[in-house]
Amino acid sequence: MTASNDIDALAAMLLVRELESALSAREDCGFQLLSSGQEAVAVGVAAALLAQDQLLCSGRSIAPALARGLDPGRVMAELIGRASGPCLGRGGRGHLSQPSAGFFGAHAVVAGNLSIAAGVALALQARLDRSIAVCLFGDGACGAGALHETMNIAALWQLPLLLVCDNNLYSVSTPRAAALAPQRLSDLAAPFGIKACTVDGMDVRSVRGAAVALTDHVRSGGGPAFLECVSRRFASHSTSARETRGQQELAADRELDPITRLEKALLLEGALSTQTALGLREQVRARVTAACAFAEASPLPVPDEAFADVG
Amino acid sequence: MTASNDIDALAAMLLVRELESALSAREDCGFQLLSSGQEAVAVGVAAALLAQDQLLCSGRSIAPALARGLDPGRVMAELIGRASGPCLGRGGRGHLSQPSAGFFGAHAVVAGNLSIAAGVALALQARLDRSIAVCLFGDGACGAGALHETMNIAALWQLPLLLVCDNNLYSVSTPRAAALAPQRLSDLAAPFGIKACTVDGMDVRSVRGAAVALTDHVRSGGGPAFLECVSRRFASHSTSARETRGQQELAADRELDPITRLEKALLLEGALSTQTALGLREQVRARVTAACAFAEASPLPVPDEAFADVG
Amino acid sequence: MSADPGRTRRVFFREAICRAVGETLDAEPNAIVMGQDVGAFGGSYKEFYGLFERFGPARVRDTPVAEAAMVGLGVGAAAAGLRTLVSITYMDFVLLALDPLVNYAAKARFKTGGQIRVPMVVKLTAGAKGQGVAHSQSLESWLVSVPGLRVVAPSNVADAYGLMRSALQADGPVVYVDHKRLFPTSGALDDSVHEVPFGLAAVCRPGRHASIVTHSYMVCVALAACDQLAVSGIDCEVIDLRSLAPLDLATVCTSVSKTGALLTLEEGQVVCGIGAEIACQVQARLGPVRVMRLGAVPAPVSSNPVLEAATLPNAARVADAVRRLLMEG
Amino acid sequence: MSADPGRTRRVFFREAICRAVGETLDAEPNAIVMGQDVGAFGGSYKEFYGLFERFGPARVRDTPVAEAAMVGLGVGAAAAGLRTLVSITYMDFVLLALDPLVNYAAKARFKTGGQIRVPMVVKLTAGAKGQGVAHSQSLESWLVSVPGLRVVAPSNVADAYGLMRSALQADGPVVYVDHKRLFPTSGALDDSVHEVPFGLAAVCRPGRHASIVTHSYMVCVALAACDQLAVSGIDCEVIDLRSLAPLDLATVCTSVSKTGALLTLEEGQVVCGIGAEIACQVQARLGPVRVMRLGAVPAPVSSNPVLEAATLPNAARVADAVRRLLMEG
Ligand SMILES: Cc1ncc(C[n+]2csc(CCOP(=O)(O)OP(=O)(O)O)c2C)c(N)n1
Ligand SMILES: Cc1ncc(C[n+]2csc(CCOP(=O)(O)OP(=O)(O)O)c2C)c(N)n1
Ligand SMILES: [Mg+2]
Ligand SMILES: [Mg+2]
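Protein chains in written order, with this note's numbering: chain A, 1 to 311; chain B, 1 to 311; chain C, 1 to 329; chain D, 1 to 329.
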């Protein structure tokens, strides 16, 4: 991977972080599920995707949507319930979607998007253009039977499906170890003969490297693959949820910040100057300011839309 | 294991075979799911159980019920819908049950009994008398998410649960290989750290040996275990279902008959004389005749019972 | 069956379904069928017989026993460009698949602001025929209450064909409910290609004294009851709803305004059932009319023939209900 | 809370639930609680707060996100001798667990000839409060139609406590429905240990002109509507059903015979809803009365505040419905 890829990745991660902090400063948008800390997973995976691919994800969908290239203004609009969101403000948090941009979208039922993604993969398989479906889900989803049913069928039918577990070690308050028996979550793929690996989800280069290898495998007809990325979420489960982790744990997590990590590496490697780094942050901040302005200028949907598109 | 165990096993398998052939000769009992060919699995597993254990199974439940020691007359009565069945003729085929005899029972929803069995195991665990729950299910159930969810929780909570997959290589018409990606179905247990093995389900000694080893493991607090028994069903899926397998396959299957196989071995080993073997068959036939007579003498339920025990 | 417009043949219920599905697979290269034993086996009731041979394993797909994923895949595939038919043998097992059906498929178009549509048919076999507590339920009323789902339930060969044709052309999810006791029936089907539109009930038997409003196999039961009642001079009209969502209230109301008496009949539970909905809607439009609801007794449906028979509506009970309804008036 | 009979305190809704559950765990060593984040976290709404510390991880069990197995385990454990409470955060997710609940638990006692009972409570949080299409549904009507299930839905602190006490003493499966918008409410609860029996509705507000029959959070909405109506001299009676199965038809009918007008009100869908059932039962007993049904509009419930508000009944809509109902008469 080249340095320009790295700088794109850095910019993408910064965009997520910045947009989310603008979002959490608002009080008019209900609770939100933030990706802060976990940016490297969505960004690293998205870097391996082509335009014709489709990305699906869980309710924690801000990083995936932005990483897939959705317009930050429209994403912001959707999150604060405005009509210029891609879902016209109806989907909102947890249901972001823009299939035309390769983002089939979020679904807020834990594990609910897994079999849907396999169905999307089935449709893409019929197309023969080597496009693939990718489904991002949390460690929590690994306790659900949907994963098993989906892996079995995907393996049997050799579907072009990459399953990406963004394992942030918690499902709300429940530590992954208290909810899931397997040693590594990627071990779950083994019985089905599904190619799998586990990487450091706080290192965008590792994520991207593994995603490229596995998407290549999937794209070339090798059948489904499974990627586990071990990450850390910096905020509580949602902006309205109680934090249960201690200060020490949170501080240790922050040490792993994927943004600082990549930035430091690039500075060290001479691929980035302090100047450029600051400029990048400035640009991102400007984009987010513009996005917020765009979103706020957008009207709320009219009440009659409650009845629209039901049929 | 001693020869007397073997002769008990032979008698138990003969009882299933004989009762099922009496049953399939009847025309008044709707379709039935027969265990013929698969007797060694239920009989071998039941041989490892203690009185306080609970056995649960799929709709293919005649062998499990009889192997667990239910009275053949009452089993027959239940199957032909008579009031002296353990479920008063209400459960019928697919829902045989007699918890007081350690047979928590059948449930005709594929994979439906797995989490129920884990719940029974949870209740038994609280008892501290080392009793265990055992759930028999078909290969078909291995495609269902219920297996995954159940294995994960059973492993996490170290439940005293033995999962036994009676893999007869088909789900109705669908060959196991067309429905299930794993090489061996017992491989499904590995990610959860669940002890597992696969044995020849046409050899009652192998089944029993493995069942004893695994029930010991479970009973002594080692957590759940998984036993796959590869078997053959001699009849079509149900007495009303079309047969899809060719004559050749069926003939080859019959060569593996677990009853003939054990009988031959015992004769060869001198543990059984031709005389005793014939006597055994005679006894079993007499039991089945008596069972049928008992069942037929029993009345049908009265229509008002349709409302009983609903609350 | 090769087409020969104008010609009418006697076909079994399953053949009507099979023809509609086959025609769709023929006409739409992106249409697929998925289900347990729908392939070489041809379906539990042979309702897909021959399709596997005609269209191959990529388009007529045997699935594992995994109802949740079957529907989930059907939804995802439909949303991404395939037209899918997912077959679930018994309606009881749709309980395993309600999350993708209700939480995703029914809401996808709305929640994405119209970006995603789910042209999927889920075929379910309802009703009791000796298969016991977990294989005998009729749960149409649940599905009818879900905004975004359409629900149809044919009672005869022509509608089985025509409603399946329509279902396979819809741009949103459709639940197609057939019935175990309809598979042995046969009826006339002409060779023309034709749809039965959604939202149009049929008057199967005209009559003067009371309207029996029903669907699926209970139409047969209602017609048998009418024969019994006719002997004692009671002349009932039978309305076959055919489509439960959308509901054809107009046809029902026309009938009830004429007869002045409404018996709703369903095989499922009466509580919060289809009959309750119809009774309310009819009275909201027509004002008070004589109404009675008939359905299964509030108990599980045993496979035991004595108990199963005691649980479900039959011709005698329907006739009795009509007599009581008319006496009340 | 240590008991002090006679003393009355103001407590939050969640505390009422927690007290009832805690008392049961205290009194019955074989009672357990299972659910996502019910342990140290104390439940999504803190409705199990402190129980983990008091009773330990073997009796207050955090589960994985696996609703089907959670209920399945609850059923099996209950059937084999434990008393289980399974908590599912949102009612929408019970769609994942209907197979063990409906196909097994509701039928176990019947199908085993009385050998097996399932003393299990499944607690579900219904209703909309800004959480979007898959976290806002009210599906009580489905569960009410299942023979073998009891369904209760408190609207206030005292009933939250008393119905949970009763639910945890029942010998068969009970679905306990609470509501997101009730958790912030508080009310008076006295220190005595007392049950609210199933099948007994409450008259929350006496009135002369119309009867509003409702349950759960909609009771609060109905009461607010009554305040608005009172200003224009319309005096409504509000019946809180409390228990949906069994249903207290007598109390409803007493009210409707007095007022002569019935408005059914629910947050879920009107089609095949609780209101349809009540309207039918009331009229079957009392003959024609003025009836109107109010519930959610037939559309998914968005998290968007404008759309959510447009979808659900509120005090103004209830008041408006009552006015229309009375005008019609
Ligand atoms: C089927 C289902 N059950 C419960 C929930 C409530 N819930 C929302 S997010 C969440 C945690 C999921 O954890 P994980 O999958 O690890 O994702 P994370 O929140 O860590 O990104 C839960 C339990 C849900 N949305 N869906
Ligand atoms: C959830 C569910 N789906 C479908 C069925 C219909 N069905 C009954 S038995 C059966 C085959 C199951 O195969 P397997 O588990 O291998 O058991 P076997 O019949 O071979 O003993 C199927 C699909 C069912 N009972 N339950
Ligand atoms: Mg997580
Ligand atoms: Mg099998």
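Just so you know, these hints were derived from the structure itself, not from any lab. Worth double-checking, as some hints may not be accurate.
Only some residues are given here: those of chain A computed to face chain B with a beta carbon under 8 Å [said to hold, decoys possible]:
{"#": "1", "residue": "99"}
{"#": "2", "residue": "145"}
{"#": "3", "residue": "149"}
{"#": "4", "residue": "188"}
{"#": "5", "residue": "190"}
{"#": "6", "residue": "192"}
{"#": "7", "residue": "269"}
{"#": "8", "residue": "272"}
Sample of chain B residues at the chain D side, in silico, Cβ under 10 Å [to be verified]:
{"#": "9", "residue": "90"}
{"#": "10", "residue": "105"}
{"#": "11", "residue": "118"}
{"#": "12", "residue": "156"}
{"#": "13", "residue": "271"}
{"#": "14", "residue": "274"}
{"#": "15", "residue": "303"}
{"#": "16", "residue": "305"}
Which bits of chain D does chain A cover? Going by a derived footprint, with three or more residues having C-beta under 8 Å, they are [unchecked claim]:
{"#": "17", "stretch": "30 to 43"}
{"#": "18", "stretch": "60 to 67"}
{"#": "19", "stretch": "140 to 149"}
Every residue, glycine too, gets a C-beta built ideally from N, C-alpha and C.
These are the hints, each one checked on the structure:
no., hint, result
1, 99, "violated, 26 Å"
2, 145, "holds, 2 Å"
3, 149, "holds, 5 Å"
4, 188, "holds, 5 Å"
5, 190, "holds, 6 Å"
6, 192, "holds, 4 Å"
7, 269, "violated, 38 Å"
8, 272, "violated, 40 Å"
9, 90, "holds, 5 Å"
10, 105, "holds, 7 Å"
11, 118, "holds, 5 Å"
12, 156, "holds, 7 Å"
13, 271, "violated, 38 Å"
14, 274, "violated, 42 Å"
15, 303, "violated, 14 Å"
16, 305, "holds, 9 Å"
17, 30 to 43, "holds (count 5)"
18, 60 to 67, "holds (count 5)"
19, 140 to 149, "violated (count 0)"
In the structure shown, a violation is registered for the earlier hints numbered 1, 7, 8, 13, 14, 15 and 19, in ascending order.
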